[in-house]
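S.K.: If you read the sequences in order, they're chains A and B.
Here the first sequence is numbered in full-length UniProt numbering, starting from 1 and rising by one per residue.
Here the second sequence is numbered in full-length UniProt numbering, starting from 1 and rising by one per residue.
Honestly, the hints are just simulated from the structure, not real lab data.
Note that the coordinates shown come from a computational prediction; the quantities given were computed from them, not determined experimentally.
Among the clues, some could well be false.
[Stated by the list, open to error] Straight-line alpha carbon distances no greater than 25 angstroms define the calculated DMTMM-like cross-link-like pairs of lysine to aspartate or glutamate that follow:
| no. | chain 1 | residue 1 | chain 2 | residue 2 |
| --- | --- | --- | --- | --- |
| 1 | B | Lys82 | A | Glu121 |
| 2 | B | Lys23 | B | Asp135 |
| 3 | B | Lys335 | B | Glu271 |
| 4 | A | Lys136 | B | Asp319 |
| 5 | B | Lys230 | B | Asp251 |
| 6 | A | Lys136 | A | Glu121 |
| 7 | A | Lys136 | B | Glu136 |
| 8 | B | Lys83 | A | Glu121 |
| 9 | B | Lys205 | B | Asp185 |
| 10 | A | Lys136 | B | Asp135 |
| 11 | A | Lys136 | B | Glu231 |
| 12 | A | Lys43 | B | Glu59 |
| 13 | A | Lys213 | B | Asp185 |
| 14 | A | Lys136 | B | Asp113 |
| 15 | A | Lys136 | B | Glu30 |
| 16 | B | Lys75 | A | Asp185 |
| 17 | B | Lys82 | A | Glu48 |
| 18 | A | Lys136 | A | Asp185 |
| 19 | B | Lys75 | B | Asp58 |
| 20 | B | Lys218 | B | Asp79 |
| 21 | B | Lys75 | B | Glu136 |
| 22 | B | Lys111 | A | Glu121 |
| 23 | A | Lys213 | B | Glu200 |
| 24 | B | Lys120 | A | Glu48 |
[Claimed, not checked] Some chain B residues judged to face chain A by a derived CB distance under 10 angstroms, without partners named:
| no. | residue |
| --- | --- |
| 25 | Met53 |
| 26 | Asp79 |
| 27 | Arg81 |
| 28 | Lys82 |
| 29 | Gly85 |
| 30 | Thr98 |
| 31 | Tyr137 |
| 32 | Asn157 |
Quick reminder that beta carbons are idealized off the backbone N, C-alpha and C, glycines included.
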Amino acid sequence: MPDTTLSLLLKGLGETVFMTFVSGFFGFALGLPAGIFLYLTRKGQLLEHVLYNRILSVTINIFRSIPFIILIVWMIPFTRILVGTSIGMAAALVPLSIGAAPFIARLVENSLLEVPGGLVETARAMGATPVQIVTKVLLPEALPSLINAAAITLIALVGYSAMGGAVGAGGLGQIGYQYGYVGYDAFIMNSVLVLLVALVFAIQATGDRLSRKFNHR
Amino acid sequence: MIVIQNLSKQFRHKNQVYQALDKVSLDIAEGDIVGIIGRSGAGKSTLIRCVNMLERPDEGAVMIHGRNLATCTPKQLADERKKIGMIFQHFNLLSSRTVFDNVALPLELDKTDKATIHRKVTALLEVVGLQNKADEYPRSLSGGQKQRVAIARALANDPHLLLCDEATSALDPETTQSILQLLRDINRRLNITILLITHEMHVVKSICNHVAVIDQGKLVAQGTLETLLKESQHPVIQQFIHTQAMSLPPDIYNTLQPEYTPGLHPLVEIELEGNVAFDSLVNTFHSQYHLPYKLIKADIEYLGSTNFGRVLLHLQGTDDSNRNALLYLNSHHIKNTIRGYA
């Protein structure tokens, strides 16, 4: 393998990993509070509020129904305002984060729903505030499940970022698109696939291991 | 002093209205152990959850040291709750925390400093006999040990009141007794008032000084255990006092005849309801009627000076003395049933 090909692939891998994890981070920064809020405002929960819950739920559903490739294009004006450009890695982070956030919110909501209701009640009986219940009871108890949710999200983001590559975001997706779809270089295309598969396996394995480590149920 | 005044609570499910509590009033003296007993669905769980406002009553007041919890601000309520420990049927320990950290949780919520937490938690684990389990996770504990951790946690904030919501219902009989023993100890040593709800009469018999019976959302009787057992004719209480008719040992069951024929002796089941002591009864049979008998089975509980339960006697005297003994029972209003002749 020529050095240029190797460095091309490594650069692409680095960009994909960067986009995946950074957008994963921003996705969680938006999705985690949204998921907690969704859970808390549900009927019968701590801060039950039908209207707020409905508004957030509908917003999330709308964003989740937009195909990612369309979301990228649709968000271009917003992306331009935020990062000044609509092409390149930095620009891709915006739709990636926004695309992942509602997905993460639903996963977080589900993870929290798995926490036995009796634990929340016990904390209430101890005089815990809602913030304390979230930080001391709900999140630690849901941690193994949240880690699984993070792994699922990151893997989805690997795929999304490859899609972003097709519209100039860089990363393995762009390499695969240019050399594979456009140029039909079988070697580079297959190398890209192998790297993507390896990345997905690594994320899943790490997620599984961490989740097991924190699971004391 | 805890005063529960006219608590009412309705639940609406679709178009059905269900009265879970109906004007319940109850006074609890400091240092007392009060048991509320009732069948499932009687409202006992709602009642105990209303005491610390986990469930908001529609009407009524819960006065603790003169403050009405029903009208407290959230901040005041949180402070009052810190002084009320609570334990549950399913323990409700955090699986993500070790035994030590579970007990430390209420202290953390109060932002207690680390050294104090360490000192208090260590002492509490000693009280419940789990000092060597401090670093284990709840999943490796037995049910009884989990409830001990929950008790230690409930005591962490030095409560004046401990609420027990069916705390022994998920435990086997032996463990139940050891947990009840622990609760009694805590009540005596730390002078903590205990309010417990249960559907099991033996729990109430084991540790409660005062008892209230709840049925369909209403308190139908309350008082000391003895007076309640002696005096109350309410069917729910009767149901809790009286166990099923005694089962017969197989060899007797197989030879038992429903009708008297000469040469057979009556098998009589006697109910002791506190109006006669078992030993004086058998004494009378022996000295007054010179009646030989065989004690087949007995299930007697002593409460203070009285006893309750059932005994199964096979009378073995002459026809006359057998008849006289039965007449004696009837004339002294001692409930008895002839199960057959053998």
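S.K.: Which of the numbered hints above does this structure break?
M.R.: 2, 4, 5, 11, 13, 15, 16, 18, 20, 21, 23 and 24
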